[in-house]
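Residues per chain are reported as follows:
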Amino acid sequence: MKLGKIIGRVVCNQKIAEFDGAKFLLVQPLDENLNNTGDPIVATDKIQAGTNEIVYYETSKEAGRIYETTMNPSDASVMGIVDDINLSNK
Amino acid sequence: MILAKVIGNVVSTIKEKGYESKKILIVQPVDYNGKNNGKSFLAIDAVQAGVGDTVLILEEGGSARDIINEPESMTIKCVIAGIVDSVNV
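Residue numbers (our numbering), protein chains in the order written: chain A, -7 to 82; chain B, 2 to 90.
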């Protein structure tokens, strides 16, 4: 999984049938120090994450598996909201 | 698998079912000389690894599901599969 920050929402009316009811969030990938690392991506979300929250997301086939009843073809999904990050002092 | 060093952990209460009761560690990929080699990411711990350990990371969904043998673990792809004692080159 990778760390990310929710920076916005994506609204999509015309889409594939499998994405019906899916919520799309704009996620900025972060490194362990919460600095931006890479371009923002769009991820599906089922855990009600909100803007400005630090989250972690998973990619590829495992992302689609948050929807138990359909083989959803999402390739990035928010998996959890981060409460705290503890780093060793190096 | 790749080599990585555990550099921290993440605490998370609200998450997908498959991640409940799992320890989430921040890992930094390293080369076989121990030098940083790539961006850090998160992995589920399956071997009681701790901060400072060099570990083996498995980044494949099917294998991760075999390790975390639970019905809701379909959402897990990245697992710490072993703790490295030594690398001999």
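In short, the hints are calculated from the structure, not lab data.
Among these hints, one or two may not hold up.
Capping the alpha-carbon separation at 30 Å, the derived lysine-lysine pairs in DSS-like fashion look like this [unchecked claim]: (1) 15(A) x 36(B); (2) 18(B) x 15(A); (3) 23(B) x 7(A); (4) 53(A) x 38(A); (5) 53(A) x 18(B); (6) 23(B) x 40(B); (7) 53(A) x 6(B); (8) 40(B) x 38(A); (9) 24(B) x -3(A); (10) -3(A) x 40(B); (11) 38(A) x 36(B); (12) -3(A) x 7(A); (13) 15(A) x 40(B); (14) -3(A) x 36(B); (15) 15(A) x 23(B); (16) 15(A) x 6(B); (17) -3(A) x 18(B); (18) 38(A) x 23(B); (19) 15(A) x 53(A); (20) 36(B) x 18(B); (21) 40(B) x 24(B); (22) 7(A) x 6(B).
Against the structure, the hints:
1. Using a Cα cut-off of 30 Å, the hinted pair residue 15(A) and residue 36(B) is violated, with the two alpha carbons roughly 39 Å apart.
2. Distance check on the hinted pair: residue 18(B) and residue 15(A) sit about 18 Å apart at the alpha-carbon level, within 30 Å; holds.
3. A threshold of 30 Å between alpha carbons decides the hint, and for residue 23(B) with residue 7(A) the separation of about 34 Å lies outside it, so the pair is violated.
4. Taken as a hint, the residue 53(A) and residue 38(A) pair is honoured in the structure, with Cα atoms around 16 Å apart against an allowance of 30 Å.
5. This hinted pair checks out: residue 53(A) and residue 18(B) have alpha carbons roughly 17 Å apart, not beyond 30 Å.
6. Proximity of residue 23(B) to residue 40(B) is assessed by CA-CA distance (about 22 Å); at most 30 Å being required, the pair is judged to hold.
7. About 26 Å separates the Cα atoms of residue 53(A) and residue 6(B), which keeps this hinted pair within 30 Å; it holds.
8. For the hint pairing residue 40(B) with residue 38(A), the CA-to-CA distance comes to about 26 Å; that is within 30 Å, so the pair holds.
9. Between the alpha carbons of residue 24(B) and residue -3(A) the distance comes to roughly 21 Å, so the proposed pair stays at or under 30 Å and holds.
10. The straight-line distance between the Cα atoms of residue -3(A) and residue 40(B) is roughly 16 Å, inside the 30 Å bound, and the hint therefore holds.
11. About 37 Å separates the Cα atoms of residue 38(A) and residue 36(B), which puts this hinted pair outside 30 Å; it is violated.
12. As the CA atoms of residue -3(A) and residue 7(A) are separated by approximately 25 Å, the hinted pair is consistent with the 30 Å bound.
13. Among the hinted pairs, residue 15(A) with residue 40(B) is consistent with the structure: their alpha-carbon atoms are about 28 Å apart, no more than 30 Å.
14. For the given pair, residue -3(A) sits about 28 Å from residue 36(B) by alpha-carbon distance, which is consistent with the 30 Å threshold.
15. Our distance criterion of 30 Å between C-alpha atoms is met by residue 15(A) and residue 23(B), whose separation comes to about 25 Å.
16. Taking the CA atoms of residue 15(A) and residue 6(B), the gap is about 34 Å. The hint is violated against a cut of 30 Å.
17. Between residue -3(A) and residue 18(B), the direct Cα distance comes to roughly 21 Å. Compliance with the 30 Å bound is thereby established for this hinted pair.
18. Between residue 38(A) and residue 23(B) the alpha-carbon distance is near 19 Å, which keeps this suggested pair within the 30 Å criterion.
19. Straight-line distance between C-alpha atoms of residue 15(A) and residue 53(A) comes to about 17 Å, which keeps the hinted pair within the 30 Å bound.
20. Between residue 36(B) and residue 18(B) the alpha-carbon distance is near 35 Å, which puts this suggested pair outside the 30 Å criterion.
21. Between the alpha carbons of residue 40(B) and residue 24(B) the distance comes to roughly 20 Å, so the proposed pair stays at or under 30 Å and holds.
22. For a cut-off of 30 Å, the pair hint linking residue 7(A) to residue 6(B) is broken: about 41 Å separates their Cα positions.
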